[in-house]
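Enquirer: Chains as they are written, first to last, in numbering that gives the first Met the number 0: chain Y, 0 to 360; chain A, 0 to 360.
Bear in mind the hints are in silico, worked out from the structure with no lab data behind them. Here the structure is a predicted model, which means the values were calculated and not measured. Cβ atoms here follow ideal geometry from the backbone N, Cα and C, with glycine treated the same way. Please note that the accuracy of each hint is not assured.
[To be verified] Taking CB as the label site, the calculated pair distances span:
id : chain 1 : residue 1 : chain 2 : residue 2 : range
1  : A       : Gly166    : Y       : Ser52     : 28 to 34 Å
2  : A       : Asp178    : Y       : Ser52     : 53 to 59 Å
3  : Y       : Pro64     : A       : Asp321    : 23 to 29 Å
4  : A       : Gly31     : Y       : Pro88     : 52 to 58 Å
5  : Y       : Thr91     : A       : Gly243    : 46 to 52 Å
6  : A       : Lys325    : Y       : Asp202    : 54 to 60 Å
7  : Y       : His278    : A       : Asp54     : 54 to 60 Å
8  : A       : Asp340    : Y       : Gly327    : 29 to 35 Å
9  : A       : Thr295    : Y       : Ile59     : 36 to 42 Å
10 : A       : Gly166    : Y       : Pro64     : 26 to 32 Å
11 : Y       : Thr295    : A       : Asp277    : 29 to 35 Å
12 : Y       : Arg254    : A       : Asp321    : 39 to 45 Å
13 : Y       : Glu41     : A       : Ala188    : 57 to 63 Å
14 : Y       : Thr295    : A       : Asp89     : 28 to 34 Å
There are 2 protein chains.
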Amino acid sequence: MTTKSKALEPSELAYVPFVSVDNMMKNVHSYGVEPFMTGIAEYIEEDFLRWESFDKKPRIPAHAPQGVIELMPTSDGETFGFKYVNGHPDNTKDGRQTVTGFGVLSELSTGYPVLFTEMTILTALRTAANSALAAKYLAPKGSKTMAIIGNGAQSDFQCLAFKSMLGITDIRAYDIDPDASVRLARNLANTGLDVTICKTPEDAIEGAQIVTTVTADKKYATILTDNMVGSGIHINAVGGDCPGKTELHKDILLRSDIFVEFLEQTFIEGEVQQLDRDHPVTELWEVYAGKAAGRTSDDQITLFDSVGFAIEDFSALRFVRDLLPKTGHFEKLDMLADPDDPRDLFGMVLRSKNDGTGAAA
Amino acid sequence: MTTKSKALEPSELAYVPFVSVDNMMKNVHSYGVEPFMTGIAEYIEEDFLRWESFDKKPRIPAHAPQGVIELMPTSDGETFGFKYVNGHPDNTKDGRQTVTGFGVLSELSTGYPVLFTEMTILTALRTAANSALAAKYLAPKGSKTMAIIGNGAQSDFQCLAFKSMLGITDIRAYDIDPDASVRLARNLANTGLDVTICKTPEDAIEGAQIVTTVTADKKYATILTDNMVGSGIHINAVGGDCPGKTELHKDILLRSDIFVEFLEQTFIEGEVQQLDRDHPVTELWEVYAGKAAGRTSDDQITLFDSVGFAIEDFSALRFVRDLLPKTGHFEKLDMLADPDDPRDLFGMVLRSKNDGTGAAA
Chain Y
0 MTTKSKALEP SELAYVPFVS VDNMMKNVHS YGVEPFMTGI AEYIEEDFLR WESFDKKPRI
60 PAHAPQGVIE LMPTSDGETF GFKYVNGHPD NTKDGRQTVT GFGVLSELST GYPVLFTEMT
120 ILTALRTAAN SALAAKYLAP KGSKTMAIIG NGAQSDFQCL AFKSMLGITD IRAYDIDPDA
180 SVRLARNLAN TGLDVTICKT PEDAIEGAQI VTTVTADKKY ATILTDNMVG SGIHINAVGG
240 DCPGKTELHK DILLRSDIFV EFLEQTFIEG EVQQLDRDHP VTELWEVYAG KAAGRTSDDQ
300 ITLFDSVGFA IEDFSALRFV RDLLPKTGHF EKLDMLADPD DPRDLFGMVL RSKNDGTGAA
360 A
Chain A
0 MTTKSKALEP SELAYVPFVS VDNMMKNVHS YGVEPFMTGI AEYIEEDFLR WESFDKKPRI
60 PAHAPQGVIE LMPTSDGETF GFKYVNGHPD NTKDGRQTVT GFGVLSELST GYPVLFTEMT
120 ILTALRTAAN SALAAKYLAP KGSKTMAIIG NGAQSDFQCL AFKSMLGITD IRAYDIDPDA
180 SVRLARNLAN TGLDVTICKT PEDAIEGAQI VTTVTADKKY ATILTDNMVG SGIHINAVGG
240 DCPGKTELHK DILLRSDIFV EFLEQTFIEG EVQQLDRDHP VTELWEVYAG KAAGRTSDDQ
300 ITLFDSVGFA IEDFSALRFV RDLLPKTGHF EKLDMLADPD DPRDLFGMVL RSKNDGTGAA
360 A
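Isolated chain Y (complex conformation):
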């Protein structure tokens, strides 16, 4: 009775591997937080090196007064991936996350999903991995000290990625809310990083070769002003990613060599919103591929105007898909209808009732 057994128990085709929040944490712990981010960075670099094989488009937003929901699809011609992500700065007031997300990876030849996963934690990991990857090409050689301005949910991940991938040893932390800095210092207590809590942004920047800004105000802000920024540093501007939201004074941009992920996206959302559309900026994939220069002198201010791009999520999804067989930390989700006869969808519904797997009516 093949029909009955299949109706009672969907075949393998019906199941999609699902990584819950709990399983994502298990995957992170079993692989290690730092190796996990280094691994994602390797996948991102690999994908950026085949930049031209990707279908690229700016994310698709749905705006509300409180925030935005975005779909970020991309494809390399074989695999399709997308992330759903929201950004709602006031969410924390009622205990919700500012940014949450989930994502899917699919086989383009069949259209069938091969991975469905939480992406709140995964986005935090990939964002930090992506920042550190860019800094490997742009930051002064031998950087040891990083200022981190904005000590919210993304800041811990940034510090650890820069420790792991660049050898940063000292963190100088500033937040308008001192409790946020205390929280950050506590979480980094046993990681080998020295954390100094600073009273002003100026204080935080003192002696830093790398300045990471990761604040979340939904408006034009100037976290850094021009006179604060000395020559030779690398600025990793992670906050932002909304039209109308920036962190840096325009004069800093004019003194910097600016690097972006995807020009078309960054001019909508990044710090470069403040500049003319024809202002020279370099896409990072060109630097990774040796087609454009990264850092060329000790005096140069380099700026990574990070807004996040679909290919980075695609890389993170690929990394997780490849990791799951090793860790086993996933569930199987009954997401896809799988009738015996693919043309007999209604028959499957009908038989599920008769077999009692459907409700008794």
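Given the coordinates of chain Y, assemble chain A onto it according to the supplied hints.
Expert: Just chain A now, kept in the frame of chain Y:
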């Protein structure tokens, strides 16, 4: 020890109601297939009547030689919804579905998903509900006989929706594969519909007031030619929805009054691909709202050039969301990270390790 208990057991904010394929079948059975489709049709009509409040865009496709994956987002300013759907005509060769899908409904004010559901079965139900809704406005009054050309996965749902919502009693079925018609007749055996299996499309159309075409070839085909179509009928053209795929001869289109869901989408994918962009067509919402005429005479040929539109999925998702509290047929999915302190995502990951909910290494 709030921290520990929350780390061990995510709060309600972390969970998203999930309707698996099995639970979708349970929901369908407990509510009844026909009432389920009638219910969706009511929600679609309600949403089409507030057409102007929706954010409308053509779906976002990723093409492969074998088929297409599409994201279909929309929003009414309060709620955001999207469907992931694929179309791969050759999938049935290795036991997969031609069309599968899943969808999400979210609160736009927080960005948090409120429903995640399979949409392979739900799409079949909403497509049939949508066809019958259009036919209520366009088909000849008192229609009793429907020809159905193409007897695949969607055909059963179409027949039942037309029985339930229009009072169709007789089905004349034709498929190039006679086994498909036998399958359809078997599934409809105890539904109160009389099914006649026909040897040719001409035979099937004989005496029918409504002709439904629902074939799946990915090319320009002419399932119906001009001389087959008499005056006064309603054509429900469901197949298609690919650029380069049509079912009807152009001359039929020229003799018909054509109704579409969303002009911009239908000219990309529908039968009207064969016509000039300025050929007069009517959007259905205008008919439902009394702003445009539907059927105006007994001789008129009306044609619904159906391609499927995001708002119909939005309506179907709303219907399921409202149904779930009554049936209880859903699971809770641990999809959203929910730290005690929303700014302390890393702390949640850290504590999950210490608490042993994360893996031991």
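Enquirer: Honestly, do Asp340 of chain A and Gly327 of chain Y meet the 29 to 35 Å range at C-beta?
Expert: holds (30 Å)
Enquirer: Determine whether the Cβ-Cβ distance between Gly166 of chain A and Ser52 of chain Y falls within the hinted range of 28 to 34 Å.
Expert: The hinted range 28 to 34 Å is violated for Gly166 of chain A and Ser52 of chain Y, with Cβ atoms some 54 Å apart.
Enquirer: Is 28 to 34 Å right for how far apart the beta carbons of Thr295 of chain Y and Asp89 of chain A are?
Expert: The hinted range 28 to 34 Å is violated for Thr295 of chain Y and Asp89 of chain A, with Cβ atoms some 52 Å apart.
Enquirer: Using the Cβ atoms, figure out if Gly166 of chain A sits within 26 to 32 Å of Pro64 of chain Y.
Expert: About 46 Å separates the Cβ atoms of Gly166 of chain A and Pro64 of chain Y, which means 26 to 32 Å is violated.
Enquirer: Is the hinted range of 23 to 29 Å satisfied by the C-beta distance from Pro64 of chain Y to Asp321 of chain A?
Expert: Because 25 Å falls inside the window, the suggested range holds.
Enquirer: Could you say whether the range 53 to 59 Å given as a hint is met by the Cβ separation of Asp178 of chain A and Ser52 of chain Y?
Expert: Violated - the Cβ-Cβ distance for Asp178 of chain A and Ser52 of chain Y, about 42 Å, lies outside 53 to 59 Å.
Enquirer: Is the gap between the beta carbons of Arg254 of chain Y and Asp321 of chain A within 39 to 45 Å?
Expert: This hint is violated: roughly 56 Å between Cβ atoms.
Enquirer: Given the hint of 36 to 42 Å, is the C-beta distance from Thr295 of chain A to Ile59 of chain Y inside that range or not?
Expert: Holds, at about 39 Å.
Enquirer: Taking the beta carbons of His278 of chain Y and Asp54 of chain A, is their distance inside 54 to 60 Å?
Expert: violated (31 Å)
Enquirer: Against the range 57 to 63 Å, how does the distance between the Cβ atoms of Glu41 of chain Y and Ala188 of chain A compare: consistent or not?
Expert: holds (58 Å)
Enquirer: Has the hinted range 46 to 52 Å been met by the Cβ atoms of Thr91 of chain Y and Gly243 of chain A?
Expert: Taking Cβ atoms as reference, Thr91 of chain Y and Gly243 of chain A lie about 49 Å apart, which means the hint holds.
Enquirer: If I claimed the Cβ atoms of Thr295 of chain Y and Asp277 of chain A lie 29 to 35 Å apart, would that claim hold in this structure?
Expert: At roughly 56 Å between Cβ atoms, Asp277 of chain A and Thr295 of chain Y fall outside 29 to 35 Å, so the hint is violated.
Checked against the numbered hints above, the structure violates hints 1, 2, 4, 7, 10, 11, 12 and 14; every other hint is satisfied.
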